[in-house]
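Given these sequences and hints, build the entire structure.
Numbered by our numbering, the letters in the sequence shown go through residues 533 to 597 in order.
By construction, these hints were calculated from the structure, which means they are not laboratory data. Glycine included, each C-beta is placed from N, C-alpha and C at the ideal position. Possibly wrong hints are sitting among the right ones.
[What the hints assert, rightly or not] Beta-carbon label-pair distances, calculated as ranges: (1) ALA592 x LEU558: 46 to 52 Å; (2) LEU569 x HIS547: 52 to 58 Å; (3) ALA557 x THR595: 36 to 42 Å; (4) LEU566 x THR595: 44 to 50 Å.
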Amino acid sequence: MSAPDTNTPKEARRHRPALIGIAVALVLGALFFLTNLFNATDDEIDPDGGPQVTPPEATAPATPQ
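And the structure:
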């Protein structure tokens, strides 16, 4: 059974913010998932199986003036 008097345009207008919120949440969730997926598979691997780590560049120590 459905309601006897329905104002479809009014109902659509009332539901628009909720539907936009759901769409934004889905897009953000997909972006988060893909970002984590690509970051997890982006590590370069050494032949021995460990992650490749590059040492930081050496800089001269700061001298007081």
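Structure versus earlier hints - violations, ascending order: 2, 3
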